[in-house]
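Residue numbers (our numbering), protein chains in the order written: chain A, 1 to 369; chain B, 1 to 573.
Calculated from the structure, these hints are not laboratory results.
There's no promise every hint is true.
Capping the alpha-carbon separation at 16 Å, the derived lysine to aspartate or glutamate pairs in EDC-like fashion look like this [to be verified]: (1) B:K465 - A:E248; (2) B:K465 - A:D252; (3) B:K436 - B:E405; (4) B:K352 - A:E128.
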Amino acid sequence: MEKKQPSFYEEVRAEGITRKDFLKFCATMTAFMGIEASGIGQVVKALETKPRLPVIWFHFQECTCCSESFIRASHPIAASIVLDKISLDYQETLMAASGVQAEEAYKTVMEKFPGEYIVMVEGSIPTENEAYCCIGGRSALQILEEAVANSKAVVAWGNCASAGCVQAASPNPTGAQPVHKVISGKPVINVQGCPPIADVMAGVVVHLLTFDRIPQLDNLGRPKAFYSRRVHDTCYRRANFDAGLFVESFDDEGAKKGYCLYKMGCKGPVTYNSCGIIKWNDGTSYPIQSGHPCIGCAEAGFWDNGPFYQRLPSFAGFGIETTADKIGVGLGVATAAGIAGHAIVTNIRKHREITNTQEAASESETTNS
Amino acid sequence: MAERIVIDPITRIEGHLRVEIEVKDGIITDAYSAGTMVRGIETILKGRDPRDAWAFVGRVCGVCTSTHSLTSVRTVENALGISVPPNAELIRNLMANALYIQDHVVHFYVLHALDWVDVVSALSGDPAEASQIAQSISSWPKSSVGYFAEVKKRLRNFVESGQLGIFANGYWGHKAYKLPPAVNLMAVAHYLEALEFQKELVKVHTIFGGKNPHPNYLVGGVPCSINIDEANAVNAERLAFVGKLFEDAKTFVEQVYIPDLLAIASFYKSDWGAIGGGLTNYLSFGDFPTNGYNNPESFKMPRGVILGRDLSKVHEVQADDPSQIQEFVNNSWYEYSKGDGVGLHPWEGETKLNYTGPKPPYDHLDVSQKYSWVKTPRWKGNAMEVGPLSRMLVGYASGREDYKEVIESTLKTLDVPVEALFSTLGRTAARGLETKLTCDWALGFYQQLLDNIKNGDSRTQNNEKWEPESWPETAKGIGMVEAPRGALSHFIVINQRKIENYQLVVPTTWNASPRDPEGKRSAYEESLIGTPVADPNIPLEVLRTIHSFDPCLACAVHVYDENGSHVHEFKTY
Numbered sequence: 001m002e003k004k005q006p007s008f009y010e011e012v013r014a015e016g017i018t019r020k021d022f023l024k025f026c027a028t029m030t031a032f033m034g035i036e037a038s039g040i041g042q043v044v045k046a047l048e049t050k051p052r053l054p055v056i057w058f059h060f061q062e063c064t065c066c067s068e069s070f071i072r073a074s075h076p077i078a079a080s081i082v083l084d085k086i087s088l089d090y091q092e093t094l095m096a097a098s099g100v101q102a103e104e105a106y107k108t109v110m111e112k113f114p115g116e117y118i119v120m121v122e123g124s125i126p127t128e129n130e131a132y133c134c135i136g137g138r139s140a141l142q143i144l145e146e147a148v149a150n151s152k153a154v155v156a157w158g159n160c161a162s163a164g165c166v167q168a169a170s171p172n173p174t175g176a177q178p179v180h181k182v183i184s185g186k187p188v189i190n191v192q193g194c195p196p197i198a199d200v201m202a203g204v205v206v207h208l209l210t211f212d213r214i215p216q217l218d219n220l221g222r223p224k225a226f227y228s229r230r231v232h233d234t235c236y237r238r239a240n241f242d243a244g245l246f247v248e249s250f251d252d253e254g255a256k257k258g259y260c261l262y263k264m265g266c267k268g269p270v271t272y273n274s275c276g277i278i279k280w281n282d283g284t285s286y287p288i289q290s291g292h293p294c295i296g297c298a299e300a301g302f303w304d305n306g307p308f309y310q311r312l313p314s315f316a317g318f319g320i321e322t323t324a325d326k327i328g329v330g331l332g333v334a335t336a337a338g339i340a341g342h343a344i345v346t347n348i349r350k351h352r353e354i355t356n357t358q359e360a361a362s363e364s365e366t367t368n369s
Numbered sequence: 001m002a003e004r005i006v007i008d009p010i011t012r013i014e015g016h017l018r019v020e021i022e023v024k025d026g027i028i029t030d031a032y033s034a035g036t037m038v039r040g041i042e043t044i045l046k047g048r049d050p051r052d053a054w055a056f057v058g059r060v061c062g063v064c065t066s067t068h069s070l071t072s073v074r075t076v077e078n079a080l081g082i083s084v085p086p087n088a089e090l091i092r093n094l095m096a097n098a099l100y101i102q103d104h105v106v107h108f109y110v111l112h113a114l115d116w117v118d119v120v121s122a123l124s125g126d127p128a129e130a131s132q133i134a135q136s137i138s139s140w141p142k143s144s145v146g147y148f149a150e151v152k153k154r155l156r157n158f159v160e161s162g163q164l165g166i167f168a169n170g171y172w173g174h175k176a177y178k179l180p181p182a183v184n185l186m187a188v189a190h191y192l193e194a195l196e197f198q199k200e201l202v203k204v205h206t207i208f209g210g211k212n213p214h215p216n217y218l219v220g221g222v223p224c225s226i227n228i229d230e231a232n233a234v235n236a237e238r239l240a241f242v243g244k245l246f247e248d249a250k251t252f253v254e255q256v257y258i259p260d261l262l263a264i265a266s267f268y269k270s271d272w273g274a275i276g277g278g279l280t281n282y283l284s285f286g287d288f289p290t291n292g293y294n295n296p297e298s299f300k301m302p303r304g305v306i307l308g309r310d311l312s313k314v315h316e317v318q319a320d321d322p323s324q325i326q327e328f329v330n331n332s333w334y335e336y337s338k339g340d341g342v343g344l345h346p347w348e349g350e351t352k353l354n355y356t357g358p359k360p361p362y363d364h365l366d367v368s369q370k371y372s373w374v375k376t377p378r379w380k381g382n383a384m385e386v387g388p389l390s391r392m393l394v395g396y397a398s399g400r401e402d403y404k405e406v407i408e409s410t411l412k413t414l415d416v417p418v419e420a421l422f423s424t425l426g427r428t429a430a431r432g433l434e435t436k437l438t439c440d441w442a443l444g445f446y447q448q449l450l451d452n453i454k455n456g457d458s459r460t461q462n463n464e465k466w467e468p469e470s471w472p473e474t475a476k477g478i479g480m481v482e483a484p485r486g487a488l489s490h491f492i493v494i495n496q497r498k499i500e501n502y503q504l505v506v507p508t509t510w511n512a513s514p515r516d517p518e519g520k521r522s523a524y525e526e527s528l529i530g531t532p533v534a535d536p537n538i539p540l541e542v543l544r545t546i547h548s549f550d551p552c553l554a555c556a557v558h559v560y561d562e563n564g565s566h567v568h569e570f571k572t573y
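Same shape as in the complex, but just chain B:
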């Protein structure tokens, strides 16, 4: 008989996620993913100044901080027909690059590593062996025997204190941990280094946006001005600072993150390169424009859809086509006026909170009814996976040389076939490879910014349509961003210069949603089916796959406004 296991809270994620699994004979036979917190930010946006929206939606998430703000300014600019100066596009790209690198590094070490790395085993790691391994895979300078001996000593002192803090009650000693003690020791050392590293690169946000988390954005460009002859603006010192931060990031990624990823993957590839693949459909909106957002062909990261893992064809995405993206609430705690079986495009979206679950405290959710605050989006009726794996696959299938190079060399290094990408480990590896690409793009954008300034262009803002008097009576827009966690889109309806409707379809909404009316599972649920679980009470294997998606639940759960409205004009990308 199948056993029902509840994992709640799922930790080392953003937000509140609950997973219920059914296990039979040591294998997961069914899975349910539920978002258990709701705030209602879209409702709050109603009636406000569209130029303020970036700040509100920025607070949807403080982990992928800035990504909703960027989406929001793109959305408003799309509705009002505003194009931003080249420097603003470059600065936005640099801020997004900084987020990708910082967020992916934090995910790998702080949120995901403890699923693969046994901290207690590191206590018996031999520093000499750790040093030898580290030096064999990387030229990172902190790899001496003395260094690892010191880390080991710190760790031992910590454990002997009897207060394990964040490491308390971990799954240490679980037989699914496969790394030798010395590799665990190396990884723990890099966990601590990553914590130090992450607070540096975000200074790119602070320089251009004044703070992090939650840097400032501006409709029409970016708030910072460039003046190389002024201490109070982005000048040579500030630019040099940005350059150094990205150079350091590239070094860390190439000398620590990627070698660690490959080393750890080599111990887990035989099983985790085949577990957790889940859905076979992948969606990417693409990003990092090099010639204005209206030219998707200029993106560093291409747009497209892959269906049925067929890498020979990339399908076109048209987010403003109402027949392509639809959202369902048949299993979510909302109700639609036309009945809960229909799907609605976000511009026609409706909201009504309708909690029908058990009154807390409860032991189980009734999964035959509504069971989550996350809605269920579909692309042409298909459940889609979004995120780094989807982007890498779309880039690879689109024939992009930089994508092909990193993917093929990695498959060769690990000696695995391309099918290994469709797995938990493939998802985790894709995130690392994408980080490597992003480092190179960032340095390119940085150089272009310097060249522009050198050539006399210091503009960072387009004020032509700043004043609401210059806007049409009504407008409608879409903004898309590839957030670190996947395809993100915002939809706005402006009426009488105020927000009439504002809606978000977020990466984790795609991935973490409950079943659609046809009973089709979304990415998290599907990816868990068939996963072996050694001990149902210590479900480490579930965490590996769920964490490989990098969940962000605050993003995924939100409320839609009641009135879809009819507006005459909108621009398409």
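Okay, chain A solo, but in the shape it has when bound:
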């Protein structure tokens, strides 16, 4: 007799996680997903009572950074989701079986759970010649089409599966295509980034488990909860941008003070992701915080959006050239000329405040030493 599948809650309790930790996890996930606090109860209830979701996870044209990111999920319970809270029945990086035994694993899921399982995809699909990616003698396209046919939904992990990523960069020698371009008739959730942030991946999985439906998506198929804000708008260095304080070359005085990286080519103003909010690897840091401009890895076609270290000429909503040049480079002159305009004045004031504070701090240090 086959036993009833345990719920997520039963699983985590069995693993020695306390109820308090479980509730804390639910609250965190609720917050990440942008659900109001009143929704916590719903998350708790869903995870306590729902059986595990069968998942088939394919690797096609990829580098396995999505799998690697997934196992970095920072919360302890998020790490345990990866292993067994969903029923990860086929995952080439982690699974014990190889060869025919491995193939049987996903075929079993397709037979036992039609219409119920989720297909997760890491990697793009070559269309120039199907033989550019084969597993078990079958092409990526053949495998994907067959598995998707009876699935409930498809999760496209990372930039490869969402937009083709590096192999689709010009001239795209293998005709690499994202999942949504080669299949139809099923919802596809594009979880962008190269790779996506671990906790964003966990958040998407929990959403599927909790609400039994796919999260709200933007017009590019990305979950709104994580991809509705520009890195620029959530950047902790934003005040420096507004004040016209920029890094002019790597490791200069501005860099040592954490000024804005716009002039070094930062793509934060045109990139939608949660780096500034959730950050990477347990909230440790994110690219800008560690001194490198955002390269825009969560956007389709970012590899072809000009050299990484060339500053964006302009972007919607901001007179960026004006702001950066007049406030930043030409500050002294601009001030002397008494430029009007509230925004500019505010920015100059901010610039002064920041620099004055820093000067005061360094003076006091000099006095002390």
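Given chain A, put chain B in place with the hints provided.
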């Protein structure tokens, strides 16, 4: 009559690998290794800014993440004559150390352990016995009876759910599994702990490079600035964080990884210490510079070649010498303009995808023709093994004291002769011993970084040749790195400040490649010959040897550009 067995996909690796073996009377008599996915990253690099290349080639692999980016910045710096500040060298070393430790631990527990550890047998392990064994081999605190009882309970609940997830269809109960149930239970507990551990140490990458996988690199140094009086830079708090991560890593490696490795090896040494040796030639480019990359003698990890397992002589490696490294495509799905029988140095490399295999779906590859997307590199015509075993042997044969100490003490503990190193188990053990060395080096680099900062040097970047206007019209460079999986090299040709040609010769290309024009097998294929297979339909033994190399196929397969070009200037290491 020999029976042909196909194993595809080979799981618990990076990328897409297919192995076909011929078995006669329970012994492997022939083997073919095929990479079955191609992306074409070198072609995509053409015409781009050389300073951007690290990000593109970084995406060659997300498992050995950062290692291609490091190779790339070294390659561009070599071409343009840029030397990086001492702090940048130390930070790069620390990031590479973090990768080694994290990647080797993940390999041992997550990718390799299930070849030796029977998860189902752990269900009948006695927690008291597991605790007694664990305490006898290590002072790791999580070794109580209660702890193992809890792990066993979790495992039982998992198995009873009827949904085995990643453990479904494993080879449980196979007679080649030899560990007692209590040891299996201990190993499963540590498998779960390793999964927790691995996500911690990578924070070294996040601190210096902003994220992991795929941290950021920079031509000329590193992107992070040091300012001990500023919250927005690498300061005392960030440095303390790095120090703690490495201290914790050293503890885990010394108290969990190494004791487990030795314990498991003691049950398998009699047969697997003699199976799977394969090739007899070993190559290492060396790494972890302590006085600039142009001084290989300063490397913690020495450079060299060993031929015919002769540990009394270490041969010199000159990667920019066109006669030393050549690549062949006689059995790979590419074609050369001069015919497929010739070998080309990567600077003269050519590419033309030429798939001639069967149309999918297919049952077998025709191995008498081209049968892989992996090219076949040779060093002075020799097939070479690369990776931890090669590095340990080169270090040992070079007379390095730290290498001699860990190797000799391990051989003594296991009571095996030095020849046991030339085996599947030797390869797996070498990876662990190397991890131990790496932990110590990391703490040394960390201390040097602190000392530099204390002495007033906070520079992390050399901007002298940042602007393309400062570059020559043409330039040519090589970058080498010892990646966790072995000797890695990139080759660049820059023309009019753009990439004209960019090529990679990758560890798994050396190890996983098909036969050369002389019919010589590469490392994977050679290492499988003679291996006993108890049940050809459940080829656990094949996985043991293939996994001992830690395959990384996305790295191994790539496309070369068509035009080799003639450039006047390049620097040699």
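To see whether the hints hold, each was checked on the structure:
1. B:K465 - A:E248: Holds, at roughly 15 Å.
2. B:K465 - A:D252: holds, 15 Å
3. B:K436 - B:E405: holds, 11 Å
4. B:K352 - A:E128: holds, 14 Å
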